[in-house]
Amino acid sequence: MLFQHFYLEAYRVFNTPTVGHCDTTGQFDIAVQLVKLTVKQANHRLEKRNQLMLVYRFLMNSSISFGSTNELIKDMLQMKEGYVAVETELKEMHERYSKLSLDFAEVEGDRQRLVLMLKNVRLSKSVLRRSLTCSHEELAS
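Numbered per our numbering, the sequence shown spans residues 301 to 441.
Hint data in this document are derived by calculation from the structure and do not stem from the laboratory. There's no promise every hint is true.
Unchecked claim - No farther apart than 27 Å at their CA atoms in a straight line, the calculated lysine-lysine pairs in the DSSO-like style are these:
no., residue 1, residue 2
1, Lys380, Lys391
2, Lys374, Lys391
3, Lys336, Lys348
Said to hold, decoys possible - Computed beta-carbon distance windows for the label pairs:
no., residue 1, residue 2, range
4, Glu389, Phe358, 41 to 49 Å
5, Glu389, Gln351, 35 to 43 Å
6, Leu423, Tyr383, 25 to 33 Å
C-beta: ideal position from N, C-alpha, C; glycine also.
Start from the sequences, fold in the hints, and give me the full structure.
This is the structure in structure tokens:
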């Protein structure tokens, strides 16, 4: 569109009938100036348009990547919450394990004490039997 305008302007300048003593070189210089100015304006508008397109594309890509980044952040926060929950559960399990270990050690100590007591009772019984057997034999003789 801009280039059509520039061609029409150049055509108008070159085909304008000269009034009085205007020379065509002056008109040609003006036409060249007009062409240069029009081309500069067109280039400037094109650059602005390209810059706007680049900004638009960047924003579109950024919004997509920001969206996926936001999703990643949400996922990471959910995972972190999950890790905190698992860590809390693990600490609770460790505390229960420690308590069970202490209880087991206490029960094992009681068991060993009872085993020793039972051995002593059996030994005492055995000694008592022997002594009773010996005293019966002495009485019988």
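For each hint, the structure was consulted:
1. Lys380 - Lys391: With a Cα-Cα distance of about 16 Å, the restraint between Lys380 and Lys391 holds, given a limit of 27 Å.
2. Lys374 - Lys391: Between Lys374 and Lys391 the Cα gap is close to 26 Å, so the pair holds against 27 Å.
3. Lys336 - Lys348: The hint holds at about 18 Å.
4. Glu389 - Phe358: 41 to 49 Å: 45 Å, holds
5. Glu389 - Gln351: 35 to 43 Å: Distance hint for Glu389, Gln351 is violated at roughly 55 Å.
6. Leu423 - Tyr383: 25 to 33 Å: 58 Å, violated
Violation of the numbered hints given earlier is confined to hints 5, 6; the remaining hints are satisfied by the structure.
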